[in-house]
Amino acid sequence: MSEMTYREALRSTLRREMQRDDSVVLLGEEIGVFEGSYKITSGLLAEFGETRVRDTPIAEEGFIGAGIGMAMLGMRPVVEVMTINFTLLAIDQIVNHAAKIYAMFGGQVAVPMVIRTPGGGGQQLAATHSQNLEVWYAHVPGLKVVAPSNPADAKALLTASIRDDDPVLFLENLALYNTKGEVPDGEQVGEIGKAAVAKPGTDVTVVSYSRATLIALEVARQFEKQGVSVEVVDLRSLRPLDRETVCASVRKTSRAVVLEDDWLTYGVGAELAATIQEGAFDYLDAPVRRVAAAEIPLPYAKPLENAALPTADDLTKVINEVLDATRFTG
Amino acid sequence: MSEMTYREALRSTLRREMQRDDSVVLLGEEIGVFEGSYKITSGLLAEFGETRVRDTPIAEEGFIGAGIGMAMLGMRPVVEVMTINFTLLAIDQIVNHAAKIYAMFGGQVAVPMVIRTPGGGGQQLAATHSQNLEVWYAHVPGLKVVAPSNPADAKALLTASIRDDDPVLFLENLALYNTKGEVPDGEQVGEIGKAAVAKPGTDVTVVSYSRATLIALEVARQFEKQGVSVEVVDLRSLRPLDRETVCASVRKTSRAVVLEDDWLTYGVGAELAATIQEGAFDYLDAPVRRVAAAEIPLPYAKPLENAALPTADDLTKVINEVLDATRFTG
Amino acid sequence: MSGSTGSPTTGRAAAAGGVTPETLKDYYAQMVLIRSFELRASEMYQRAKIGGYCHLNLGEEATVVGLMAALRPSDYLFTTYRDHGYALSRGLGAGRIMAELFGKATGVSGGRGGSMHLFDQKARMLGGYGIVGGQIPPATGAALALTYRGGPGPEAEAVMCLMGDGTTNIGAFHESLNLAALWHLPIVYVIINNQLGMGTPVEKAAAEPELYKRGCSYRMPGVRVHGGDVMAVREAAAAALDLARTQRQPSILEAMSYRLRGHSVVDPAKYRSQEDTQQARDEDPVPAFRAQLIESGVLDDDSATAIEADAERQVAAAVAFADESPDPEVADLFVHAYATPVAGTPHRLPGDPVISVPADDPGDVPDEGGRS
Amino acid sequence: MSGSTGSPTTGRAAAAGGVTPETLKDYYAQMVLIRSFELRASEMYQRAKIGGYCHLNLGEEATVVGLMAALRPSDYLFTTYRDHGYALSRGLGAGRIMAELFGKATGVSGGRGGSMHLFDQKARMLGGYGIVGGQIPPATGAALALTYRGGPGPEAEAVMCLMGDGTTNIGAFHESLNLAALWHLPIVYVIINNQLGMGTPVEKAAAEPELYKRGCSYRMPGVRVHGGDVMAVREAAAAALDLARTQRQPSILEAMSYRLRGHSVVDPAKYRSQEDTQQARDEDPVPAFRAQLIESGVLDDDSATAIEADAERQVAAAVAFADESPDPEVADLFVHAYATPVAGTPHRLPGDPVISVPADDPGDVPDEGGRS
Ligand SMILES: Cc1ncc(C[n+]2csc(CCOP(=O)(O)OP(=O)(O)O)c2C)c(N)n1
Ligand SMILES: Cc1ncc(C[n+]2csc(CCOP(=O)(O)OP(=O)(O)O)c2C)c(N)n1
Ligand SMILES: [Mg+2]
Ligand SMILES: [Mg+2]
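Chains as they are written, first to last, in this note's numbering: chain U, -4 to 325; chain R, -4 to 325; chain H, 45 to 416; chain A, 45 to 416.
What the hints contain is simulated information worked out from the structure, not anything from laboratory work.
What you are looking at is a predicted structure, and each value in this text was computed from that prediction instead of being measured.
We treat Cβ as the ideally placed atom computed from N, Cα and C, and that holds for glycine.
No false leads were mixed into what you were given.
Cut-off 20 Å, straight-line C-alpha distance, at most; resulting in silico cross-link-like pairs (SDA-like, lysine to any residue): (1) U/K189 / H/P385; (2) U/K34 / A/D311; (3) R/K34 / R/F81; (4) R/K312 / R/E219; (5) H/K248 / R/F43; (6) R/K34 / H/Y315; (7) H/K248 / A/C260; (8) R/K34 / H/K314; (9) R/K34 / H/S308; (10) U/K297 / A/A92; (11) A/K248 / H/M264; (12) R/K189 / A/P385; (13) A/K314 / U/E45; (14) R/K297 / H/G95; (15) U/K297 / A/A364; (16) U/K175 / U/A147; (17) R/K297 / H/V309; (18) H/K257 / A/K257; (19) R/K297 / H/A149; (20) R/K189 / A/A383; (21) R/K189 / A/A381; (22) U/K297 / A/P370; (23) A/K314 / U/Y33; (24) H/K314 / R/S37; (25) U/K34 / A/Y315; (26) H/K314 / R/E42.
Here are a few chain R residues that sit away from chain H, every Cβ distance over 12 Å (derived from the structure): (27) R6; (28) S7; (29) R10; (30) S18; (31) A147; (32) N173; (33) E177; (34) G196.
Where chain R lies over chain A, by a calculated footprint (3+ residues, C-beta under 8 Å): (35) 162 to 171; (36) 183 to 189.
Throw the hints in and build the complete structure from the sequences for me.
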């Protein structure tokens, strides 16, 4: 075990996989000389050279699509997109090509590629640079979507994603890069499609993923002090979605709240609420509630941005409402 | 009232609005000389000339983005995209630009444009040409998304969409173009954001939109014969979503099934189930069930395509399961 | 390839010198096979044996055969939805191709892809693609992958990426050609200029309608060739591929070609003038090549007729094979869902519950859903 | 504009003849104002008064002022996230611009946009845009809209669309320029070639690094101008705009410019060499223009210093205005949600219920959600 940041977990995992397998090649804007917009690839150009760490022009559709072609010929490209917002320029390649080539051609060729990209608001980057659009990708058969919330999972799931033969959207978050955690040494291959009970509890389940899990854990700790036992389920994988773990938790707690950074309507939480009401109907004591972002192009001004994004206070309030609605007495 | 096809309702509405307002201009691939891939714009080039009915190169991002600029200068472009699958090439313009320009620039300039596009599978067009991706757009603040199921609504909502000052994604469906219905004569301006009770009933609510509503109505008629009264709520608008009408119906019937053509996980039905379990929790006698497409890149072969897409039989089966689960006796 | 030229090069010289009569006969046989296949595909579409979209290479046979003659088995091919002829010339087999069009399990893509999505991993035909321009970035990436396999040289592998004239106006074209030029990738971008994208003439779609010149924005050379001349096409394609192999110089090859019918089998092409249609017929490459081979003594009427009859037989056999082939099993709907199946992969049919609710204990349920 | 040229044109001649000293002083004042503003913005960013991304025009002042001098009030401007200088020269007012950077309600975009998204409907500055290339299609569409307003002529309106060198590699560039050429739109595409896209030199990003030539794919003319020479830039821009106005001939104008600092205020630009940085300083357009004006007798040291002091005063006042301005009200979070509000528009804050569950009867609830 060593303590390290989420950023360092990503960096060291990329390095390890590149050392292990020559067919792992990094592509992206500013990942080499500039060392990455968020410095995830720092030092890798120096170590592996220009062919393994390839700076690209600003041409998301072109270089993500090129990653697909490389993968079809047996390589394992790991493409960095500066933020999830810019994946929109390449979404035809991701959704109409990467996600479909294996099935549409009858299983003849796989597309083992990883698209690493951070999402999230809260940095005053304004409407076009602050989105959480992962639900779009999570909707698409043929893709896998993972969204680890801590350095250990980042390591294990990035390793798994690189070795997986399908296209994986690996969702990071600007606010997570500097967060720290214990990471097991040595090779760690995570299991895509498995949620984790990040904190066990008995009274109410909070389901979340990526950055939101940190908030959920913090809120859970606060409730613990007041004698309320909150179970936090960290999805880790949005596609496939581990419905069993989520529903098993709610069957135990009878109450559920989803915390998500995206917009409420048709967001990730919608599927969770839908799943829970189907998979734990007889156990639910109150409606599943969702805490999500206000539905507005995110404004730049800090007070507006703060008001629009979900916080620990919002989650606390809603958990209390759910407890009240069910006359929870502890 | 006159009987006409969905196609003719669209065509005559475009014509009427173009006659009424010079700033209404059509843009799209093959809409002029070719008269539209699905002949919606047939005759309009001859009537209005090349500047009002503009054939574009194959450059979705370019011409949809051009529509945005036209709208910013006060015109009302109506852009046809051959199928929703190709909107992916322009999604940065739609979501990062059209949807954000009004709010992000502090309400200074509106983007009154309509993007008309058909979705849907079932024509053996295979994986890349058969998608129902409307849930993506319905998730995005700043956009409006309408999806009429019949010729009368197509007329009223297309009129409203053209006159609305926001960008509207107007969802059509390949399987609807030849369907017929009664359409009121004269100007009809629909209300975006309002669902309709397409068929009243008391025992179970089926929620659907676009093509799926036709199946829902057909199934409802069958159940009627067996003494089961099915209420069909036709959403008509996916964003804004008329949660009131949906929940009011379920508070009456206590049972709900969603029929949707898209993929189940994170599909439109997820939001509906989530909304219903929150807005009608105490009224629900059974979980909200969803009937949706199999999660697979849609295969070309007819037997596989048939198996993957939701049918009247699937809906019937699930309604019966919901009735059984609640020991419905009629 | 001697740089850019405005006038189509001619392959008659090449046809005359250094090419065996057997080769010429083979090219004719391939052209005739494509012609027969496409006519039959059209018929099968009318008879509802084929569904979806169906785009034919009628009129483009010389281009198809010339290009495929230059492409080696070790090279990779990416093409468009107008792909039947390429698949035939690449040797995928008329039966397996027709079976794909019929949506049968024996089809080249297992019935999953249909007419627009012919694929054969062994033949290195890496797909027909239905999204306009969608094939260009992956083809470029395939060429990038080749640079990791070894250096340039006369035996090096290369990629050929086909597209239509209308496709040169889409963003992916620009992004990809820039990458290929910047990174010196072994690829040839072939533009089949049949002068129409659906109903739109090339001049109404491309502000530089001499498409071979559009590499200028990437310092990428281009040539234009008469697509009705199989030998000229072969020669130009071989030169462009050679440039890719030996110098890793990507280039554009524009083949001036002609679409004998509508955009797809359901398009009556009303937007085309009489003269236009007549010209197409006059320049039909199949009878033209026949006449040329008879004139030069490579064929006589009997041997030509024998070739044509053989093509008919092959196509008839292909239809029979496709007809007799089984449909894909519905039970196999999810077999190609993922290359690496993981826990929770959805295997639900419409109407299945999202989760099996346990009677008592949830237990261990690795896959979701019910019926499969 | 006399067609393409490889060597930067010079405006010294223009500066000498036909331009009043007042005009030259004004250009210097504008350049100095931009310089002062950007330095102060950088400082305010360090002091956390400004958040998000903040990209400066330091080093590009001559380009900015030359371009804006050629643009008429009746013309439309679309630009990038590197937009402060343009907004200043376009007359949006230092105070309202600084207020936008501070996220204040008095900002040009009401505090919604921030540094990257300056906008003023009256000034026809139709936005800074943060998505690389995102502004190009709308700018092209704006030019298309102008063709519906009237014919070409010396008084016709035109559009200027700015972009960086790195931006020429994105698909939207290609699609848009093709449309503009095809449809004869009154637009000038200005490429500010500061030779870097973040840390990437233009030669590593564009296979044709002489960017003014990239119109070749659309038969669109292009010129390159020395961006450090305000008069040359003005002259070239005026010529290009004239072409747009009178002939509806779109064109490319490439201004060779220099970024004095990192990509944004947080970038230390470690990837740049000493020489490179030194060259930038040596060619700094602000002192160069000052020296030129003093040499030609338009300014003396005192009057120049007065201009500089005035700029400082303006910027200080802008900071004070921004500081004193109110934040936008949280209650106004949804005021710009839609231009045409309709039933069901969501007005929920995080944690609000999706629907107000009726105690008894649902009744009529037009807007959703709770608190606002
Ligand atoms: C992105 C996208 N836009 C539109 C279409 C519809 N479409 C299919 S083929 C075609 C015309 C293509 O013309 P061209 O590139 O000249 O190829 P050809 O059909 O002539 O071989 C169009 C517009 C599509 N498949 N993909
Ligand atoms: C589509 C997209 N990709 C990447 C980015 C991140 N990004 C912002 S500015 C920039 C460099 C742009 O360089 P250039 O066009 O030369 O303009 P400059 O910054 O030099 O003015 C990049 C890569 C973005 N904003 N949008
Ligand atoms: Mg064509
Ligand atoms: Mg630059």
